[in-house]
Amino acid sequence: DTAVSQTPKYLVTQMGNDKSIKCEQNLGHDTMYWYKQDSKKFLKIMFSYNNKELIINETVPNRFSPKSPDKAHLNLHINSLELGDSAVYFCASSQSEGTYTQYFGPGTRLTVL
Amino acid sequence: DAKTTQPTSMDCAEGRAANLPCNHSTISGNEYVYWYRQIHSQGPQYIIHGLKNNETNEMASLIITEDRKSSTLILPHATLRDTAVYYCIVRVWGQAGTALIFGKGTTLSVSS
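Which chain is which? The protein sequence lines are A and B, in order. Taking the working numbering, I'd label the letters of the first sequence as residues 927 to 1039. Taking the working numbering, I'd label the letters of the second sequence as residues 60 to 171.
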């Protein structure tokens, strides 16, 4: 049973295209996150949602738009892809009470050509 | 969130204990110490967390000094599968949706 899943695992696309990455969690959590890991391996927060409401929106280009249709899903849509968007994107989830421990998905490796 | 300092890399022989140190000298009273690891190309994996008492679970032990300015993650019997980057993170308790601030971590290499 996969706790946090992401699709697709790999995504190769051309500059200028629009793409989406999907994330689903079956842990019953009410908070979800998107992190980006660049080529230097630094992991940075992009967004977080609590009960479908945006909590964190770091300095991310507005070409990136997260969408949370329900508490179990947080999708990431990227418009007009650029070379610099190439990275591994990780989704995570946590409960908003208790330990707040975040559980991560396997990642989506995005390559923009 | 407080900053943490970790050694860049460490080596450990398989079967021996791996002791990974972390310095968090500016930690506040309401901040917890979390440890995560990232095995190559996988998502970060939660290991353990603590406030001021020592903690143990099925993966590891966490030893926090009395002044809380440093901690040590102990993997009691390291295996090759424990080769990973280990992150020590200090995070305020009780804030839903707040991010984990990842540093560079310690690259642990376990060899046979």
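Derived from the structure by calculation, the hints contain no laboratory data. Some clues are possibly wrong.
Stated by the list, open to error - With a straight-line cut-off of 30 angstroms between C-alpha atoms, the simulated BS3-like cross-links for lysine-lysine are:
id, chain 1, residue 1, chain 2, residue 2
1, B, K163, A, K948
2, A, K967, B, K163
3, A, K948, B, K111
4, B, K128, A, K970
5, A, K962, B, K163
6, A, K962, A, K935
7, A, K997, A, K978
Treat the numbers as computed from the prediction; the structure is a model and nothing was measured.
Please list, smallest to largest, the hint numbers that this structure does not respect. As far as the earlier hints go, only 3 is violated by this structure.
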